[in-house]
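On the provided structure of chain X, position chain E as indicated by the hints.
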Amino acid sequence: MATDRSRRRGVTVLAAVSLLVAVLYVTGGVVSGLRSAANLVVAPFSWTINTIAKPVGHMFSGTVNYSDVVAQNQKLRYELGRAQLRANEGWALARQLTELTSEMKLPFVRSLPTVMAQVTTLSPTNFAATIDISKGRDDGVLVGMPVVANGGLVGSVIATTPHGATVRLISDANSVVGVTYGSQQTSLVISGRGVNNGLGATAIPLTTSLNPGTVLYTDGLSGALFPPGLPVAKVRRVTLTPGAATFNLTMQPTADLRHMMYLDVILWEPST
Amino acid sequence: MNRALAPVIVVTLLIVGLQLSILSSLRFSGVVIMLVWVWPLVVGLAGLTNLAVWSAVVAGVFFDTHSTTPFGLTAAVGMILAYGASRLGKEGVGDLDSAAWWVTPLLAGVAGFFAPLLYVIGGFVTFNFSLWRASLFNMMVVNAVAFAVLSRPLARVAQLAGGLGARARR
Chain X
16 MATDRSRRRG
26 VTVLAAVSLL
36 VAVLYVTGGV
46 VSGLRSAANL
56 VVAPFSWTIN
66 TIAKPVGHMF
76 SGTVNYSDVV
86 AQNQKLRYEL
96 GRAQLRANEG
106 WALARQLTEL
116 TSEMKLPFVR
126 SLPTVMAQVT
136 TLSPTNFAAT
146 IDISKGRDDG
156 VLVGMPVVAN
166 GGLVGSVIAT
176 TPHGATVRLI
186 SDANSVVGVT
196 YGSQQTSLVI
206 SGRGVNNGLG
216 ATAIPLTTSL
226 NPGTVLYTDG
236 LSGALFPPGL
246 PVAKVRRVTL
256 TPGAATFNLT
266 MQPTADLRHM
276 MYLDVILWEP
286 ST
Chain E
27 MNRALAPVIV
37 VTLLIVGLQL
47 SILSSLRFSG
57 VVIMLVWVWP
67 LVVGLAGLTN
77 LAVWSAVVAG
87 VFFDTHSTTP
97 FGLTAAVGMI
107 LAYGASRLGK
117 EGVGDLDSAA
127 WWVTPLLAGV
137 AGFFAPLLYV
147 IGGFVTFNFS
157 LWRASLFNMM
167 VVNAVAFAVL
177 SRPLARVAQL
187 AGGLGARARR
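Sequence lines, in order, name chains X and E.
Following my numbering, the numbering of the first sequence begins with 16 at its first residue and continues without gaps.
Following my numbering, the numbering of the second sequence begins with 27 at its first residue and continues without gaps.
Since the hints were derived computationally from the structure, they do not count as laboratory data.
Keep in mind the model is a prediction, meaning the values are calculated, not measured.
Wrong hints could be hidden among the right ones.
Claimed, not checked - Not close to chain E: a few residues of chain X, all C-beta gaps over 10 Å, as computed:
(1) Asn-65
(2) Ala-143
(3) Gly-166
Claimed, not checked - Computed from the model, here is a short list of chain E residues facing chain X with C-beta under 7 Å:
(4) Val-42
(5) Gly-43
(6) Val-57
(7) Thr-75
Idealized CB from N, CA, C, for every residue including glycine.
The shape of chain X in the complex, shown without the other chains:
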């Protein structure tokens, strides 16, 4: 009986502590310190498992997928060659564009400094689309800075440490990006739909002409979270509801968010 009572008390105390921690999270503060302390405890275990399991895993997958690895290597070499060619061709155009945009007093991403970073950890959970990167405050990375890779906007920095940062991907359910397309007269707001669900935009007036395949860029309006001209997404599906005055869009990020090794943090802060 006494054991039962003490057990119940123990469970109640633990439940209360959990609730307290959740409340602390909501109200902010304390938690960042708690996170850092807990990180220190888990780090040796993660390191041990990584040291043992990763080489074995790599060896195994390398053996099983050897032909794929060779094919991928060849494809990458080909793509690298094409990219270099395009870079050379685009150099002159980029220079012209930079001059034009600077005359229009608009920031252009090519003129903005970037920091290259490596992806260190993918989001460990199903409920948040984030990644950790290898560059942090000491390298000039600050909260709010945009991150690009694989041909488009990837997300923005939401937390930093001296030697690392956490990036919220544009596919995260809490992510919102202001975009435009074509002649840049129409602006839309697109939001993430969760880890595996791409992007979406709702309640777009029927007067807006958007077709599958249209590429959307950051609009860079006053107070925007991203500089203008970053490719964000490509329209995949237009959903029309009969009788409705608006339609919905399903989009695919232009950057391949599932295969990222390296990315660039644009050293650009949103204006307040």
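Relative to the frame of chain X, chain E by itself:
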């Protein structure tokens, strides 16, 4: 319980390490298998209430330090699973040695199915209203299958860590 706490906590930390190092990048249909929930569940099914709840708290809190989701929510869901499972474990339901072989996987499968849903409901409680937008049904199905598959081997580990294996050998 006190003597068993240390090995169970060590295994719990290893489970967290495994979750963060391996399972976060090894997705099935885009879904991460939540080993940090399976472990407290099977410890609970072994009838070790306090150890199950402690392992849920430790696994959840340490896991949440690496996630941007509401801090403590993984622990809270783990605790609910652990406590519920331990009630069944106390009655011998789901115990590897006394129940039918399929009972533990079945119970784990049911728990795995509802665990992501519990998490989303918990998200509403902590004013995070965007968790449901993830592919919830996918998560429920994949985790149900994974929980069922992993439950028996992990329950064996739980028995050993909790000292039950040693007692049975005696």
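Hint check: 7 Å Cβ-Cβ cutoff, Val-57(E) to chain X
Because about 6 Å separates Val-57(E) from the closest Cβ in chain X, which is inside the 7 Å limit, the hint holds.
Hey, does the Gly-43(E) contact hint survive, CB to chain X under 7 Å?
Holds, because the Cβ-Cβ distance from Gly-43(E) to chain X comes to roughly 3 Å (cut-off 7 Å).
Please verify that the nearest CB of chain E lies beyond 10 Å from Ala-143(X)'s CB.
Contrary to the label, Ala-143(X) does not stay out of reach of chain E, its closest Cβ about 5 Å off (not over 10 Å).
Status of the hint placing Thr-75(E) at chain X (closest C-beta pair under 7 Å)
Given a least distance of 6 Å, the restraint on Thr-75(E) holds.
For Asn-65(X), is the shortest CB-to-CB distance to chain E above 10 Å, so the non-interface label stands?
violated, 5 Å
Using Cβ atoms and 10 Å as the threshold, tell me whether Gly-166(X) really stays out of contact range of chain E.
holds, 21 Å
Chain X contact restraint for Val-42(E) - C-beta distance below 7 Å
holds, 6 Å
In this structure, the hints that do not hold are numbers 1 and 2, in rising order.
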